[in-house]
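So for the sequence shown, our numbering puts the first residue at 173; every next one is plus one.
Quick caveat, the hints were computed from the structure, so don't treat them as lab data.
Some hints could be false.
Stated by the list, open to error - The following label-pair restraints were derived from C-beta to C-beta distances:
1. 244 to 194: 31 to 39 Å
2. 190 to 212: 42 to 50 Å
3. 195 to 274: 40 to 48 Å
4. 300 to 176: 18 to 26 Å
5. 259 to 206: 23 to 31 Å
6. 279 to 226: 23 to 31 Å
7. 256 to 189: 38 to 46 Å
8. 221 to 303: 38 to 46 Å
9. 215 to 255: 38 to 46 Å
Each residue gets a CB set at the ideal place from its N, CA and C atoms; glycine is no exception.
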Amino acid sequence: MMAWLDLLRELLAASFSLLLFPWRIFRSIRNLSERRFEFQQLQHAAVPPQPAAVAVPSKPLRKVFISCGDMSGEIHALRLVEELRKQYPEVEISGFGGVRLSAAGVEIWQGLANLNVMGFADVARNLPLFFS
């Protein structure tokens with residue numbers, strides 16, 4: 173019975189999205205020249221200067237918390253973990269992640285990198301996982 177409700181909910185959401193389609197096309201066409209102008213301005217804009225390097229704190233970093241909710245976030249976090257370990261070999265890193273972070277020596281509290289929740293309903297359904 174629950175599968176039928178999920179299917180009905182998805183069909184209603186798709187129908188609503190389909191109803192909005194003509195408005196979205198109209199709005200997109202109406203704003204086309206403005207977007208082209210912005211794009212041309214960006215092509216000729218100067219590249220901003222590199223931000224100034226931040227000074228490394230004088231006291232050693234001891235603990236770091238990382239939260240990755242998907243695979244791409246975990247890949248970026250892996251690079252961060254590598255750099256942190258180079259500068260602070262004794263740092264303790266823990267948080268939410270996946271198998272790759274675990275293999276890199278991060279203490280994983282919950283395997284969120286493979287969870288891939290999206291939207292309010294998915295997050296609400298998985299709230300107990302975040303507080304366990």
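Verification of the supplied hints:
no.	hint	in the structure
1	244 to 194: 31 to 39 Å	holds, 33 Å
2	190 to 212: 42 to 50 Å	violated, 33 Å
3	195 to 274: 40 to 48 Å	holds, 46 Å
4	300 to 176: 18 to 26 Å	holds, 25 Å
5	259 to 206: 23 to 31 Å	violated, 45 Å
6	279 to 226: 23 to 31 Å	holds, 26 Å
7	256 to 189: 38 to 46 Å	holds, 42 Å
8	221 to 303: 38 to 46 Å	holds, 43 Å
9	215 to 255: 38 to 46 Å	violated, 33 Å
Of the hints listed earlier, those the structure fails to meet are numbers 2, 5 and 9, in rising order.
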